[in-house]
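K.L.:
Kindly generate the complete structure, drawing on both the sequences and the hints.
Chains as they are written, first to last, in this note's numbering: chain A, 16 to 133; chain B, 30 to 433.
Treat each hint with caution, since some may be false.
Computed beta-carbon distance windows for the label pairs [said to hold, decoys possible]:
hint, chain 1, residue 1, chain 2, residue 2, range
1, A, Ala119, B, Leu352, 33 to 43 Å
2, A, Ala90, B, Ala202, 54 to 64 Å
3, B, Ala357, A, Glu54, 20 to 30 Å
4, A, Arg32, B, Ala77, 49 to 59 Å
5, A, Ala119, B, Pro146, 55 to 65 Å
6, B, Ala77, A, Arg80, 51 to 61 Å
Take a look, some chain A residues computed to stay more than 12 Å from chain B by CB distance [what the hints assert, rightly or not]:
hint, residue
7, Arg32
8, Gly61
9, Val82
10, Ala90
Partial list, computed: chain A residues near chain B (C-beta under 8 Å) [what the hints assert, rightly or not]:
hint, residue
11, Gly43
12, Ala44
13, Ala47
14, Tyr48
15, Glu50
16, Thr51
17, Ser55
18, Glu92
19, Leu105
20, Asp106
21, Ala110
22, Ala113
23, Arg114
24, Ala119
25, Gly122
Because the hints were derived from the structure by calculation, they are not lab data. Bear in mind the structure is a predicted one, so any value in this text is a computation, not a measurement. For each residue, glycine too, the CB sits at the ideal point set by N, CA and C.
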Amino acid sequence: MEYCILFYETAASVAQRDDPAKAPAYWGAWGAYLETVRESGLMRGGSGLQPPATGTSVRMKAGKRHVQDGPLIDAKEQLGGFIILEAPDLDTALAWAARSPAAADAGVEVRPALPPMS
Amino acid sequence: MSQAAARGAAEAAARRSYGKLVAWLAGRARDIAAAEDALADAFATALAVWPDRGVPDSPEAWLLTAARRNLSKRVRHAGVRKAAEPALALLSAERAEDPAGPLPDRRLELLFVCAHPAIDPAAHTPLMLQTVLGLDAASIASAFLVSPAAMGQRLSRAKAKIRDARIAFARPAPEDIRPRLEAVLEAIYAAYTAGLDEWLGGDTRRGDLAGEALFLGRLLADALPDEPEPSGLLSLMLHVEARRAARRDAAGAYVPLDAQDVARWDRAAIVEAEAALGRAARAGRPGRFQTEAAIQSFHVARRVGAAADWSALDALYEALFALAPTMAAAVGRAAARLNAGDFAGAIVLLDALPDAREAYQPYWAVRAAALDAAGDRAGARAAYTRAAGLSGDPAVRATLLARL
Chain A
16 MEYCILFYET AASVAQRDDP AKAPAYWGAW GAYLETVRES GLMRGGSGLQ
66 PPATGTSVRM KAGKRHVQDG PLIDAKEQLG GFIILEAPDL DTALAWAARS
116 PAAADAGVEV RPALPPMS
Chain B
30 MSQAAARGAA EAAARRSYGK LVAWLAGRAR DIAAAEDALA DAFATALAVW
80 PDRGVPDSPE AWLLTAARRN LSKRVRHAGV RKAAEPALAL LSAERAEDPA
130 GPLPDRRLEL LFVCAHPAID PAAHTPLMLQ TVLGLDAASI ASAFLVSPAA
180 MGQRLSRAKA KIRDARIAFA RPAPEDIRPR LEAVLEAIYA AYTAGLDEWL
230 GGDTRRGDLA GEALFLGRLL ADALPDEPEP SGLLSLMLHV EARRAARRDA
280 AGAYVPLDAQ DVARWDRAAI VEAEAALGRA ARAGRPGRFQ TEAAIQSFHV
330 ARRVGAAADW SALDALYEAL FALAPTMAAA VGRAAARLNA GDFAGAIVLL
380 DALPDAREAY QPYWAVRAAA LDAAGDRAGA RAAYTRAAGL SGDPAVRATL
430 LARL
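P.N.:
Below is the structure:
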């Protein structure tokens, strides 16, 4: 079964990415985590995301396009990235979620993926 | 009296006597879920009534009476069902023998009910944590890293089984104790470590769960003086307890055993731990908890200046692995060899472990240190990375990454 693991970060954590004093620890932690997930052979894909402010959202309302800068939904917890994990059960997926640096930050959500449409 | 004062008194009573009250009520109704519901309703009534009438002299007795009333009402409502009749008969027959003095402690009986072989073994420890120590399903789910919904289902299935199979709420016969004892010991130890983790993490909302577990451990060791493992567990918990304060420095950072200030250890607890281990050893039946306590005892002796005989520690780990062949015992043994300076021996032990080691964080941490000691920097770096990647604790992760 495939699970989508969504990593949420606080704004302070995301800011560490570009802070010369804190960036090595930030990237070191994520690098070690992702390397370890890859070694497990369970990873099916995923990506880190640039900060929410870099996003652009579009909505169709009454036949009219509304384009806005920034994320569709503003929240304290920012989606920092995700991976797709092939795991035998939820417990396994939760164990991998709990090991991520985001678990001790804003939090991690584990969502079972829908089976592929045939 | 204010709402807040009533709430405070109810919460204090819950902390002090929740497990005792559930154990007593469940023993009467032979139905844990019904006992918990009746008690929850009694707490709700207390919050509504105490602000006006004041907190009763004995909140515990008040809650017990209210919960019993709820329980018999519930049974009467369900009275058409044949299944309820024995419970109803039991309730009325035993009303006469209400406890006059302090509430008798039936928690040990309840622990053994929860460890009954007819119940799904995966539910044993969670069930004991919930019914006897009053942890909610969400906290238990967090401790076991499973979803709260799944944990809630597992718990209610187990309680239904106890009710429907009419599992007896009595101290099991001596020959039935031993097969259930391991699950009871596991649960008490799990409660202790969960409480300790909370305390180390600075979370004291639930009061002193570790202290509760220690209390149950003492109760069990006193109740079963002929069984060595309860004393072994008590000794293990006391050894860990003795070092509790020394595990955090002034800034709250983790202090490993070898860096701890021995003066901050609780000497009385160590003396009691050693006495419990001595009592257990006299039975001449070694077990997992006695061996783990002996390992703790070794480290205490070593830190207070006794010459460290590392081969003795190696023998203890070998015995532990023979008793309980877990990854933790095997990796512990490798770490002990590494401590003794035998990094090649440590690597041999680690290489022999099965594939499940891949996701076991301590395996990678010990492997990294052993490879480092052997001068294999590249191998050590890769292993430190894996150890850091598997650790959910930011402080531990940072320590490991610093060694890259």
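K.L.:
Next, verify each hint and record whether it holds.
P.N.:
Structure-based check of all given hints:
Between Ala119 (chain A) and Leu352 (chain B) the beta carbons are some 35 Å apart, a value that agrees with the proposed interval 33 to 43 Å. The hinted range of 54 to 64 Å is satisfied by Ala90 (chain A) and Ala202 (chain B), whose Cβ atoms lie roughly 58 Å apart. Between Ala357 (chain B) and Glu54 (chain A) the Cβ separation comes to about 21 Å, which falls inside the hinted range of 20 to 30 Å. Under the hint 49 to 59 Å, the C-beta atoms of Arg32 (chain A) and Ala77 (chain B), about 52 Å apart, fit the expected range.
At roughly 39 Å, the beta-carbon separation of Ala119 (chain A) and Pro146 (chain B) lies outside the given 55 to 65 Å, and the hint is violated. A hinted range of 51 to 61 Å holds for the C-beta pair Ala77 (chain B) and Arg80 (chain A), which are about 56 Å apart. Distance to chain B confirms Arg32 (chain A) as a non-interface residue, since its nearest Cβ pair spans about 16 Å, more than 12 Å. The Cβ of Gly61 (chain A) sits about 15 Å from the closest Cβ of chain B, beyond the 12 Å cut-off, so the non-interface label holds.
Residue placement check: Val82 (chain A) keeps its beta carbon more than 12 Å from all beta carbons of chain B (closest about 38 Å). A cut-off of 12 Å between C-beta atoms confirms that Ala90 (chain A) is not in contact with chain B; the least separation is 22 Å. Annotation: Gly43 (chain A) was flagged as interfacial toward chain B, and the flag holds, the nearest CB pair being 5 Å apart, inside 8 Å. For Ala44 (chain A), the suggested interface contact is upheld, since its CB lies about 6 Å from the closest CB of chain B, less than 8 Å.
At about 4 Å, the closest approach between the beta carbon of Ala47 (chain A) and any beta carbon in chain B falls short of 8 Å, and the interface hint on this residue holds. At its closest, the beta carbon of Tyr48 (chain A) sits 5 Å from a beta carbon of chain B; the interface hint therefore holds under the 8 Å criterion. The interface hint given for Glu50 (chain A) holds, since its Cβ lies 6 Å from the closest Cβ of chain B, which is under the 8 Å cut-off. Annotation: interface hint on Thr51 (chain A) holds; nearest CB of chain B at approximately 3 Å, less than 8 Å.
Interface hint at Ser55 (chain A): satisfied, since its Cβ lies 7 Å from the closest Cβ of chain B, which is below the 8 Å cut-off. Look at Glu92 (chain A): its Cβ only gets to about 17 Å from chain B, farther than 8 Å, so that hint breaks. Here the hint on Leu105 (chain A) is kept, as its CB sits about 6 Å from the closest CB of chain B, short of 8 Å. Evaluation of the Asp106 (chain A) hint against chain B yields a held restraint, the C-beta minimum of about 5 Å falling below 8 Å.
Because the closest C-beta pair between Ala110 (chain A) and chain B is about 6 Å apart, less than 8 Å, the hint holds. Evaluation of the Ala113 (chain A) hint against chain B yields a held restraint, the C-beta minimum of about 5 Å falling below 8 Å. For the restraint placing Arg114 (chain A) at the interface with chain B, the shortest Cβ-Cβ distance is roughly 5 Å, inside the 8 Å limit, so the hint holds. With its C-beta approaching chain B no nearer than about 5 Å, Ala119 (chain A) sits inside the 8 Å limit, and its interface hint holds.
Checking Gly122 (chain A) against chain B: minimum C-beta separation of about 12 Å lies over 8 Å; hint violated.
Going down the numbered hints, you'll see the structure goes against 5, 18, 25, while the others check out.
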